[in-house]
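> Could you build the full structure based on these sequences and the hints that come with them?
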Amino acid sequence: MNKFKTLSVAALLTCSLAARAEEVVIVVNPQNPATRMFTEQAAQFFLGKSSMFTPVDLPESSPIRAQFYRKVTGKDVGEVKAIWSRLVFTGKAAAPKEYRTSAEVKKAVAADPNAIGYIEKSALDGSVKAILTVQ
Amino acid sequence: MKPHPHLLLLALPLAISTARAETGGFAPTVDMSGYGTAAYTRANTDQAEFGRFNQLGGAKKSPVDGVDSNLGIQGTLTVNDWLSFTGQGLARKLATDRWGADLYWAYAKAQVNKQWSLYAGRVVAPVYMISDYRNVGFANTMIRPPQEMYSQVPFDSIDGASASYRSMLGATNLTVQFAIGNAREKLALQGTAPGSHQTIRAHAFKALNVLAEHGPVTFRLGYAQTDITLDGDPALGALTGALNGAGAGYALPQLNRLADALAVNRKKASFMSVGLALDLDDILVQSEAGKRRTQSAVPDSTSWYVLGGYRFGKFMPYVSYASLKSSNSVSNTVPAACPAGYPDACTPTLQALSAAVSGGLASGLVEQSTTSIGLRWNFSQSAAFKMQFDRVRPRHGSGLLLNATPGFNRDVTVCAAGVDFVF
Chain A
1 MNKFKTLSVA
11 ALLTCSLAAR
21 AEEVVIVVNP
31 QNPATRMFTE
41 QAAQFFLGKS
51 SMFTPVDLPE
61 SSPIRAQFYR
71 KVTGKDVGEV
81 KAIWSRLVFT
91 GKAAAPKEYR
101 TSAEVKKAVA
111 ADPNAIGYIE
121 KSALDGSVKA
131 ILTVQ
Chain B
1 MKPHPHLLLL
11 ALPLAISTAR
21 AETGGFAPTV
31 DMSGYGTAAY
41 TRANTDQAEF
51 GRFNQLGGAK
61 KSPVDGVDSN
71 LGIQGTLTVN
81 DWLSFTGQGL
91 ARKLATDRWG
101 ADLYWAYAKA
111 QVNKQWSLYA
121 GRVVAPVYMI
131 SDYRNVGFAN
141 TMIRPPQEMY
151 SQVPFDSIDG
161 ASASYRSMLG
171 ATNLTVQFAI
181 GNAREKLALQ
191 GTAPGSHQTI
201 RAHAFKALNV
211 LAEHGPVTFR
221 LGYAQTDITL
231 DGDPALGALT
241 GALNGAGAGY
251 ALPQLNRLAD
261 ALAVNRKKAS
271 FMSVGLALDL
281 DDILVQSEAG
291 KRRTQSAVPD
301 STSWYVLGGY
311 RFGKFMPYVS
321 YASLKSSNSV
331 SNTVPAACPA
341 GYPDACTPTL
351 QALSAAVSGG
361 LASGLVEQST
371 TSIGLRWNFS
381 QSAAFKMQFD
391 RVRPRHGSGL
401 LLNATPGFNR
411 DVTVCAAGVD
421 FVF
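Going down the list, the sequences are from chains A and B. With the numbering used here, letter number 50 in the first sequence gets 50, and the count goes up by one each step, no holes. With the numbering used here, letter number 155 in the second sequence gets 155, and the count goes up by one each step, no holes.
Since the hints were made in silico from the structure, they are not lab data. Please note: incorrect hints may appear among the correct ones.
Taking lysine-lysine pairs in the BS3-like style, the calculated list, with each CA pair at most 30 Å apart, reads [unchecked claim]: (1) A:K92 <-> A:K107; (2) A:K71 <-> B:K325; (3) A:K49 <-> B:K291; (4) B:K291 <-> B:K325; (5) B:K325 <-> A:K92; (6) B:K267 <-> B:K206; (7) A:K107 <-> B:K114; (8) B:K268 <-> A:K49; (9) A:K121 <-> A:K71; (10) B:K186 <-> B:K267; (11) B:K206 <-> B:K325; (12) A:K49 <-> B:K314; (13) B:K61 <-> B:K114; (14) A:K129 <-> B:K186; (15) A:K75 <-> B:K114; (16) A:K75 <-> B:K314; (17) A:K97 <-> B:K291; (18) A:K107 <-> A:K75; (19) B:K206 <-> B:K291; (20) B:K268 <-> B:K314; (21) A:K71 <-> B:K206; (22) A:K92 <-> B:K61; (23) B:K325 <-> A:K97; (24) A:K121 <-> A:K97; (25) A:K121 <-> A:K49; (26) B:K206 <-> A:K92; (27) A:K92 <-> A:K71; (28) B:K114 <-> A:K49; (29) A:K121 <-> B:K291; (30) A:K49 <-> A:K129; (31) B:K206 <-> A:K49; (32) A:K129 <-> A:K107; (33) A:K49 <-> A:K71; (34) A:K71 <-> B:K267.
Now the stretches of chain A that chain B is said to cover, found in silico as 3 or more residues with beta-carbon under 8 Å [stated by the list, open to error]: (35) 46 to 52; (36) 73 to 83.
Taking beta-carbon pairs under 10 Å as the criterion, some of the chain A residues facing chain B (in silico) [what the hints assert, rightly or not]: (37) R86; (38) F89; (39) K92; (40) T101.
Using N, Cα and C, we set each Cβ at its ideal position, and we do this for glycine too.
Pasting the structure below:
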């Protein structure tokens with residue numbers, strides 16, 4: 001019984017640690033007039049429902065990507081890919097460009113006034129503007 | 001106005017060099033991507049075959065790969081931030097019962113601004129809610145689109161142009177698309193040797209497609225109208241020939257008028273459809289209904305389906321029900337008897353003609369419903385496994401089943417399993 005308690009406490013602790021480590025921010029170009037954004041709005045760009053901003057992605061294998069989509073769109077990476085394939089194979093839109101690291105995402109967002117990306121909060125710096133912290 | 005896709009491809013090198021000159025060394029990028037399905041399909045009878053729309057043959061008791069498998073390759077050449085060229089080739093088994101690849105789409109796209117895009121070349125005919133990705137198995141829940149509805153318009157693409165407008169109305173994303181062009185499609189001709197087919201042509205095909213997305217809800221309204229011509233239908237040809245012959249021989253012009261009414265020669269045809277999709281958390285609901293109207297031997301039809309699914313992590317079990325009903329837009333106006341004073345052979349001829357017209361009209365009526373259950377398993381980020389069981393119930397005759405033995409009118413169970421992938 002005691003052992004069980006310890007285990008669950010450990011599990012809870014791991015959860016909260018993991019949650020803190022995975023805090024993700026959505027970033028845009030500093031020139032972008034937007035100052036904040038709702039999760040539902042962000043989801044539209046990353047699911048290809050709106051072409052107002054150009055989303056950029058981390059690699060499919062990235063745990064940040066998986067967390068980001070799970071929290072913002074409620075879908076896993078595969079489901080998101082299925083949604084994009086409806087747009088890609090019909091010529092309506094191109095899938096988000098993938099960048100290998102958060103540093104490259106920042107560079108891409110800093111270079112394109114229309115770009116929107118996501119990075120871990122710890123990587124945030126003045127080259128991009130955070131408009132939403134994904135809890 | 002019918003820009004041939006090959007001409008567009010020929011124009012490519014010119015476009016590239018112009019773009020280079022203008023942007024001072026902007027390097028055009030080429031992206032290749034693809035999708036496919038590898039699936040086996042089987043049915044529980046040997047007296048009829050189950051196939052997708054416009055396949056000449058299908059699955060019987062032994063599993064076949066030709067019903068649900070396909071492979072699509074798409075290349076996009078992005079010249080600059082507003083101009084791109086896309087070509088898509090699709091290999092599948094269709095009307096001639098042979099594996100073949102065709103140039104599915106080939107168009108130039110100009111992104112005029114954030115709202116407007118213009119397309120020219122071989123573009124999608126936007127007649128259904130999932131028109132443009134119905135062959136991309138990975139993008140769909142079911143292993144195949146409900147055939148009751150997706151058999152009603154034979155044109156996948158048109159050679160012409162389309163314009164698309166995207167905008168936000170409050171929190172609603174609105175897309176309005178208009179397409180115009182001509183089309184030509186080979187149609188399977190049942191009971192003939194592989195390789196033979198009929199041809200259906202659309203003259204001045206016009207389609208309007210309105211899509212509104214609001215959060216988890218998508219609503220769609222579509223209307224398409226065209227003039228159709230069907231060539232190479234031997235039964236219809238024989239029937240109209242006999243009517244015209246008798247009409248001329250006995251001076252009964254109503255027979256000629258009936259022949260004209262039946263003939264599929266530049267006849268108006270339209271398809272109106274509505275669709276609704278809900279993708280809320282773990283719940284998925286998708287439904288469409290369509291009404292086809294023609295003024296010819298091709299019957300009018302009403303078709304619809306409802307699909308519901310629920311996500312359990314990477315697994316999504318789903319159920320669907322689809323229905324197709326049809327009615328004749330032309331009625332049998334062959335007189336029961338000839339006026340007094342006509343030759344003795346006249347009335348028996350009319351009776352034979354009347355029976356042939358009734359038989360022809362009845363055989364055109366295709367009605368069936370299908371109940372399906374299935375499971376989609378997203379076992380990887382780029383591939384999904386699907387398994388689906390269908391209970392197909394033909395209402396008159398053999399419904400949409402193929403190559404049925406005479407008088408076949410039994411329910412058929414179909415099972416298919418396979419993997420959808422994108423790359």
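> Look at each hint and say if it fits the structure.
Evaluation of the provided hints:
1. With a C-alpha separation of about 26 Å, the suggested pair K92 (chain A) and K107 (chain A) falls inside the 30 Å cut-off, and the hint holds.
2. Only pairs whose Cα atoms come within 30 Å are accepted, and K71 (chain A) paired with K325 (chain B) is rejected, the gap being roughly 44 Å.
3. The hinted pair formed by K49 (chain A) and K291 (chain B) meets the criterion: a straight-line CA distance of about 28 Å does not exceed 30 Å.
4. With a C-alpha separation of about 10 Å, the suggested pairing of K291 (chain B) with K325 (chain B) holds against the 30 Å cut-off.
5. In summary, the hint linking K325 (chain B) to K92 (chain A) is not supported, as the alpha carbons are separated by about 33 Å, beyond the 30 Å threshold.
6. The suggested pairing of K267 (chain B) with K206 (chain B) holds, with an alpha-carbon distance near 14 Å, which does not exceed 30 Å.
7. Restraint check: the Cα-Cα separation between K107 (chain A) and K114 (chain B) comes to about 23 Å, which is no more than 30 Å; the hinted pair holds.
8. As the CA atoms of K268 (chain B) and K49 (chain A) are separated by approximately 35 Å, the hinted pair breaks the 30 Å bound.
9. A hinted pair counts as satisfied when its Cα atoms are at most 30 Å apart, and K121 (chain A) with K71 (chain A) qualifies at roughly 15 Å.
10. For a cut-off of 30 Å, the pair hint linking K186 (chain B) to K267 (chain B) stands: about 18 Å separates their Cα positions.
11. A distance of roughly 25 Å separates the Cα atoms of K206 (chain B) and K325 (chain B); the hinted pair therefore holds under the 30 Å criterion.
12. Proposed proximity of K49 (chain A) and K314 (chain B) is supported: the alpha carbons are some 23 Å apart, at most 30 Å.
13. A distance of roughly 52 Å separates the Cα atoms of K61 (chain B) and K114 (chain B); the hinted pair therefore is violated under the 30 Å criterion.
14. Proximity of K129 (chain A) to K186 (chain B) is assessed by CA-CA distance (about 55 Å); at most 30 Å being required, the pair is judged violated.
15. A hinted pair counts as satisfied when its Cα atoms are at most 30 Å apart, and K75 (chain A) with K114 (chain B) qualifies at roughly 27 Å.
16. Simply put, K75 (chain A) and K314 (chain B) have alpha-carbon atoms about 10 Å apart, close enough for the 30 Å limit, and the pair holds.
17. As the CA atoms of K97 (chain A) and K291 (chain B) are separated by approximately 40 Å, the hinted pair breaks the 30 Å bound.
18. For the hint pairing K107 (chain A) with K75 (chain A), the CA-to-CA distance comes to about 27 Å; that is within 30 Å, so the pair holds.
19. For the given pair, K206 (chain B) sits about 16 Å from K291 (chain B) by alpha-carbon distance, which is consistent with the 30 Å threshold.
20. Note on K268 (chain B) and K314 (chain B): the hinted pairing is violated, with a Cα-Cα distance of about 46 Å set against a maximum of 30 Å.
21. This hinted pair does not check out: K71 (chain A) and K206 (chain B) have alpha carbons roughly 42 Å apart, beyond 30 Å.
22. Taken as a hint, the K92 (chain A) and K61 (chain B) pair is broken in the structure, with Cα atoms around 40 Å apart against an allowance of 30 Å.
23. At most 30 Å may separate the alpha-carbon atoms for a hinted pair to count; K325 (chain B) and K97 (chain A) exceed this at roughly 46 Å.
24. Taken as a hint, the K121 (chain A) and K97 (chain A) pair is honoured in the structure, with Cα atoms around 21 Å apart against an allowance of 30 Å.
25. For the given pair, K121 (chain A) sits about 26 Å from K49 (chain A) by alpha-carbon distance, which is consistent with the 30 Å threshold.
26. Of the pairs offered as hints, the one joining K206 (chain B) and K92 (chain A) holds, with about 19 Å between alpha carbons and a cut-off of 30 Å not exceeded.
27. Restraint check: the Cα-Cα separation between K92 (chain A) and K71 (chain A) comes to about 26 Å, which is no more than 30 Å; the hinted pair holds.
28. Our distance criterion of 30 Å between C-alpha atoms is met by K114 (chain B) and K49 (chain A), whose separation comes to about 13 Å.
29. Straight-line distance between C-alpha atoms of K121 (chain A) and K291 (chain B) comes to about 53 Å, which puts the hinted pair past the 30 Å bound.
30. At roughly 22 Å between alpha-carbon atoms, K49 (chain A) and K129 (chain A) fall within 30 Å of each other, so this suggested pair holds.
31. Under the criterion of a C-alpha separation no larger than 30 Å, the hint pairing K206 (chain B) with K49 (chain A) is consistent with the structure, at around 25 Å.
32. Between K129 (chain A) and K107 (chain A) the alpha-carbon distance is near 12 Å, which keeps this suggested pair within the 30 Å criterion.
33. Pair hint K49 (chain A) plus K71 (chain A) holds up; C-alpha atoms about 17 Å apart against a cutoff of 30 Å.
34. Proximity of K71 (chain A) to K267 (chain B) is assessed by CA-CA distance (about 53 Å); at most 30 Å being required, the pair is judged violated.
35. By the rule of at least three residues with a Cβ nearer than 8 Å to a Cβ of chain B, the coverage given for the stretch 46 to 52 of chain A holds, with 4 such residues.
36. Proximity of the stretch 73 to 83 of chain A to chain B, defined as three or more residues with a beta carbon under 8 Å from a beta carbon of that chain, is established by the 8 residues found.
37. Interface hint at R86 (chain A): satisfied, since its Cβ lies 4 Å from the closest Cβ of chain B, which is below the 10 Å cut-off.
38. Interface hint status for F89 (chain A): upheld, as the beta-carbon distance to the closest one in chain B is roughly 5 Å, under 10 Å.
39. Residue-level restraint check for K92 (chain A) holds (minimum Cβ-Cβ distance to chain B is 8 Å; threshold 10 Å).
40. Interface restraint check: T101 (chain A) against chain B, minimum CB-CB distance 19 Å, threshold 10 Å, status violated.
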